[in-house]
Every structure is written in C-alpha cells, then in structure tokens.
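J.: Below, each chain spelled out in residue letters.
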Amino acid sequence: MTEAIIAEGLSKVFNGSVKAVDGISFSVKEGEVYGFLGPNGAGKTTTLSMLTAVLGPTAGRATVDGLDVVQHPHELKQRIGLVFQESTADQDLTGRENLELAAALFGVPLRDTPERVQELLGRLALADSAERLVKTYSGGMRRRLELAVGIIHSPRVLFLDEPTLGLDPQGRAGFWKIIGELRKETGMTVFLTTHYLEEADGMCDRIAIIDHGKIVATGTPTELKDRVGGDVVTVRPLGNATALEPALRALPGVTAVAFQDGTFRVKCPSGDALIPKAVGAATNLGIALAGVSLRRPSLDEVFLEFTGREFREDEGPTATDRAVFLSRFQDGRRGRR
Amino acid sequence: MNVRRWSALTKRELLKIGRNPAAIGTSLLLPILYLLLFGQGFNFTKLLNVPGLTAQQQALFLATYLLGAPDYFSYFAAGMVGFVSVTATLFVGANVIFDKLFGTLKRTAASPATATDIFGARLVAGSIQPVALAFLVLGLAVLLGYVGLAGLHITAAVSVVGAVEIVVAILLLSLMFASLFLALGFTIEQPQTYFAVVNAINLPVLLTSAALYPWGAMPSWLQGIASYNPITLAVEVLRINLFGGNFYPQAAWVYLLGLIGWAVAMFAIATLLTQRALAPKV
Numbered sequence: 001m002t003e004a005i006i007a008e009g010l011s012k013v014f015n016g017s018v019k020a021v022d023g024i025s026f027s028v029k030e031g032e033v034y035g036f037l038g039p040n041g042a043g044k045t046t047t048l049s050m051l052t053a054v055l056g057p058t059a060g061r062a063t064v065d066g067l068d069v070v071q072h073p074h075e076l077k078q079r080i081g082l083v084f085q086e087s088t089a090d091q092d093l094t095g096r097e098n099l100e101l102a103a104a105l106f107g108v109p110l111r112d113t114p115e116r117v118q119e120l121l122g123r124l125a126l127a128d129s130a131e132r133l134v135k136t137y138s139g140g141m142r143r144r145l146e147l148a149v150g151i152i153h154s155p156r157v158l159f160l161d162e163p164t165l166g167l168d169p170q171g172r173a174g175f176w177k178i179i180g181e182l183r184k185e186t187g188m189t190v191f192l193t194t195h196y197l198e199e200a201d202g203m204c205d206r207i208a209i210i211d212h213g214k215i216v217a218t219g220t221p222t223e224l225k226d227r228v229g230g231d232v233v234t235v236r237p238l239g240n241a242t243a244l245e246p247a248l249r250a251l252p253g254v255t256a257v258a259f260q261d262g263t264f265r266v267k268c269p270s271g272d273a274l275i276p277k278a279v280g281a282a283t284n285l286g287i288a289l290a291g292v293s294l295r296r297p298s299l300d301e302v303f304l305e306f307t308g309r310e311f312r313e314d315e316g317p318t319a320t321d322r323a324v325f326l327s328r329f330q331d332g333r334r335g336r337r
Numbered sequence: 001m002n003v004r005r006w007s008a009l010t011k012r013e014l015l016k017i018g019r020n021p022a023a024i025g026t027s028l029l030l031p032i033l034y035l036l037l038f039g040q041g042f043n044f045t046k047l048l049n050v051p052g053l054t055a056q057q058q059a060l061f062l063a064t065y066l067l068g069a070p071d072y073f074s075y076f077a078a079g080m081v082g083f084v085s086v087t088a089t090l091f092v093g094a095n096v097i098f099d100k101l102f103g104t105l106k107r108t109a110a111s112p113a114t115a116t117d118i119f120g121a122r123l124v125a126g127s128i129q130p131v132a133l134a135f136l137v138l139g140l141a142v143l144l145g146y147v148g149l150a151g152l153h154i155t156a157a158v159s160v161v162g163a164v165e166i167v168v169a170i171l172l173l174s175l176m177f178a179s180l181f182l183a184l185g186f187t188i189e190q191p192q193t194y195f196a197v198v199n200a201i202n203l204p205v206l207l208t209s210a211a212l213y214p215w216g217a218m219p220s221w222l223q224g225i226a227s228y229n230p231i232t233l234a235v236e237v238l239r240i241n242l243f244g245g246n247f248y249p250q251a252a253w254v255y256l257l258g259l260i261g262w263a264v265a266m267f268a269i270a271t272l273l274t275q276r277a278l279a280p281k282v
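Chains as they are written, first to last, in the working numbering: chain P, 1 to 337; chain H, 1 to 282.
No wet-lab data here; the hints were simulated from the structure.
One or more of the hints may lead you astray.
What the hints assert, rightly or not - Distance ranges between label pairs, derived from CB positions: (1) P/Glu8 - H/Ser7: 45 to 55 Å; (2) H/Ala23 - P/Glu301: 48 to 58 Å; (3) H/Phe98 - P/Asp68: 29 to 39 Å; (4) H/Ala23 - P/Glu86: 23 to 33 Å; (5) P/Gly262 - H/Lys106: 20 to 30 Å.
Keep in mind that this is a model prediction, so the values were computed, not measured.
Ideal Cβ positions, reconstructed from N, Cα and C, are used throughout, including at glycine.
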C-alpha cells in the first residue's frame, strides 16, 4: 500500500510568532480515512489548508498523491477534492449551475458533465431542488451540495474540513453514510478534521489528536482507547461477595479492580472477552450475579488523557484564531493578502 | 488560460448580473439623472443667445470653451460616457470582496483555475455592462434632442474609422477601470475599506478629467493634469469624432494610443496583484 499523504515537519507560523502548526509529521495510506481531531485553534484547518495548497507552509514539506504541495499546486488541486467548513456554493446560482461550474473548473469532460451532475444530484438527494437558487437551500442541503462539488471530478484524495459542523444528528449520519459508500466504491483516501469525537470514532481508520499545533497521539480509535487503559467491565453480585475480588483480579488481562457501591469495576484491554470469564469465576464460587455490563472508553477520555484537558466543543478564540484574524486585518490594511 | 474554465466563470458572472435587475436598474439611474437634470440645467450655451452677439463671436466662444462642440449638452454627453465607465465598473471589485466574504472565491481559488482564468472572466463580464451603458447613454442623449430637451447633436460626419475609434475608446476605458477595480477587490478584504478607497479614487479621477468641465474654462494647471487622465483621453476620442478635431492639438489616434498605454499598464498591474492574492499564502 502506498502513501496518499506524507507530511514531514510541517509548520505554519503566522505573523512570525504564532505557531499554528508546529512541525508535524504523519502519513496517510491510500484508501484510508484519516481524522485530525482537536479543539478549535489546534491547527487542524491550517494543516488541511497546507495539504490542499491553500496556504504555503512556513517549514517542512508535504506530498499528496505523490505531488509536492508547494511545487505542484495546480496539478494537486486537480486531483484532490475539498469540502470547506463553510458553504462556498454560489447563492445566486442553482444547485445544478453550481455543479456545472465546478465540473468545468475541475476539468470534468464537457460531454460527461450533464450525466455526472445529474448522478450527484440524485445521489445527494438534491435532484428535486436542482433548479432552485442555493440561497433557498437548508443547511443540510448546502452541506450535501458542498460535498457534491468536492467530489465532482472523482478526486483521489478527499479533504473534509469539519464537514458536518452545524448539522443535526440526522444530517450528520446521512453525510457520513454517503462518504462511506463513496469510499467503498472508489477507494478514495479521506482526510478529515473534526471536533466531534464520536464522528472520528465511527468514521476513521486512524486518528491523530492535535493540540496546540502538535500531534499528541496517533492510532486507530481502538488503539487510542486501549492506551487509555481499555474497557471497564462492571460486575454486580447479589449480596456479599468479597471472595469474588481476588478471583476477578486473577483473570488474564485484568489491570485493576475496584469495588464501589456494591459493584466491581474491572479494567482490562478487551472487555467482551473478559465477561464470560468473570461470569465463570462467579459461578465457580457459587456467587449469583445481578448484572454485568461493558463500558468502552470514549475518545473524550482519550483526549483528556493525551492533552490533559477536557474536550470542549465551544472553546473561545485561541491565540491562533486571534493571530490569523489580526494578520488578515493587517494585511488588508497594507493592501495585500 | 483555459477556455472552458474561463467561459464557465464568465457565464457565472453574467448569470449573477442577470439575476440582479435592481443593480442593473440603479446603474441606469445615475446616467439618466445626469442627462435629464444635470446636463439640462448646465446647458449654459443658452447664454450665447444675447442680443448683439454675432455668429462669429458665438463660434469663437464655442471653439474656445467647448473645443468645437455645438453646445454644452453635446459636449457633456460625450463626457458622460467616461463617467459611466467608472461608475459602472466599480461593482466588479465589490463583487470580488463579497465573493470572499461568502466563501465563493475560496472555492474557485482552491480549484485548478488559474488567476488568469479568474481575473479574465471577471474582466470580460465586468466590462460588458459599462460598455453597454456607454452606448445607451450616447443613444439616449441623441434621443433627448428630439423630444424638446437639450440633446446630443453630432455635427461632424462620423467615418467608419471614427466609429471604430469610439468603440475602441469606450472598450479600453471600461477594461482599464475594470482592471483597476478588480485589482482593488482582490487585494482589499473589507467592503467598507473598498468603498472608501473607491470613493477616494473616483471623484479625483473624474474631477481631474475633461468629462464635465468646458475645456476653455479649466485653469491651465488643471488642463495639464487632465491631458493625461484616461477619461479625458477617451472622451476626446469621442468629441473629435462627433464634433470635429479642428480645435484639438492631436489626432484621435494619439489619444487612443495614450489610452492603450493606460489600459495595458492597469491590466498588467491588476493581473500581478490578482496572482499574488490568489497564490497560496506563505
């Protein structure tokens, strides 16, 4: 398997002092769904912007689909799809017109364009509103149109920047279902940023947790959760069962056992394998059980573990946000971007 | 430049213009008001109907002040063409800023479209309206003469070459200002800043040109500045061809050359600035 994305020591410094991205290195395999997870201002969008040749890196290098992002920005833009956080469709054009424009910009052959546009409109449930101006679209419709624009040219690598921001749970589920289908059909690589933990957990083959411009942990969702200490199996005996504690502790893989409120909390790497063993141990001792349950650690705990902070979705503007805002403002005043 | 990308982007601009009839209406309002009110009210050539003034003295007056135009309104109507190419092109730059704010430009910039495609499409689409408006102004000014108002009286025999010169002058002036305003649109981020800068450019450019003033009434220092003003250059091409070139120091093609210089320079600067604005930010 070859690498679809390689980043080596990628850095972005705004205004000569604020390090938005601080020397990150990672690689994404072809066909993989790779998630950048982190709070606002962690450097997710800045990284994605550098990988898509929207921003130039201050230091380091990156290749996407074998193309250097600095040396071949135009070829790169042809091969990748990009779905922005915000809606970028033209509000004064219809959904169909927006897609036709995108088809022309991304070089979909003229003769294939009507068919491709129609196919995407149908697939993204926009066929009925294809002739309506985008300004009349709902948030969910705009997101789907945005995705259609991003994949109009069947890109090899699809970049999604917080693609479901502001969508209701139903809309989010629908969005990810489409991504899943597309991926299965085309085998395209997906790089996404999100601060929805459950999305990263459900969608990504691998995750990088990014905080203050640095990658603090990478791995599959399961690996990351395992590193936090694995699953917790709760065993609730009927009546007094002090004899059960040493028996649970002796089971293979158990790292800790705590007794609280009449319930044993057993930590282990793989909870579902432990449950039959724990039940067996209780049966051997003649102890009746009221209930057994399994709790898997969520990425919330993972985030807390690696960054030392609670994951909060609505953090205020960070130093990076402010620096980016200021740099735009000052550049604007100097008359250049 | 990629023809397919460029034409798709041009189509988009034209669709947007066509879907905004209010903007088309207001762009018509300004020149119509100027022709119906300002031009009528300022048509001071009536003052020449003084008893005792000989035809020779009247002709001398017109030659000195209006460089051979038959009356102020006719002189002014040609000037209005220069006026509308400024006022109708400034929106092309504003649209760039709004596209930045709405994220549309971000999408285009992230596509394989080059700065030349993006700039070229807006330049062409943005010049159609002012050029159309300029000819509308000329037509309307002529018509007014037939409904009992002061109108544009063409007193020279307009040759084919002259007509071509007029069209080229209008085209060049619109392209030049569209380039200027596009350059501003691509480099400025905030609409407030843009309109402040545009206002700071518009009035000085208009008021240092010979679009509205009777040439002979301008102090010589202002004539000196106005001689190099692109609006003056375009307007003079029109006036020479419509009223005769006897009182102009140069032939129309000389003014056209100056205008080409302005247009090429502005186009070059604007392309460069657009390229810089759309390049990955380092």
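J.: Evaluate each hint against the coordinates.
T.: Results of checking the hints against the structure:
no., hint, in the structure
1, P/Glu8 - H/Ser7: 45 to 55 Å, "violated (40 Å)"
2, H/Ala23 - P/Glu301: 48 to 58 Å, "holds (55 Å)"
3, H/Phe98 - P/Asp68: 29 to 39 Å, "holds (34 Å)"
4, H/Ala23 - P/Glu86: 23 to 33 Å, "holds (25 Å)"
5, P/Gly262 - H/Lys106: 20 to 30 Å, "violated (58 Å)"
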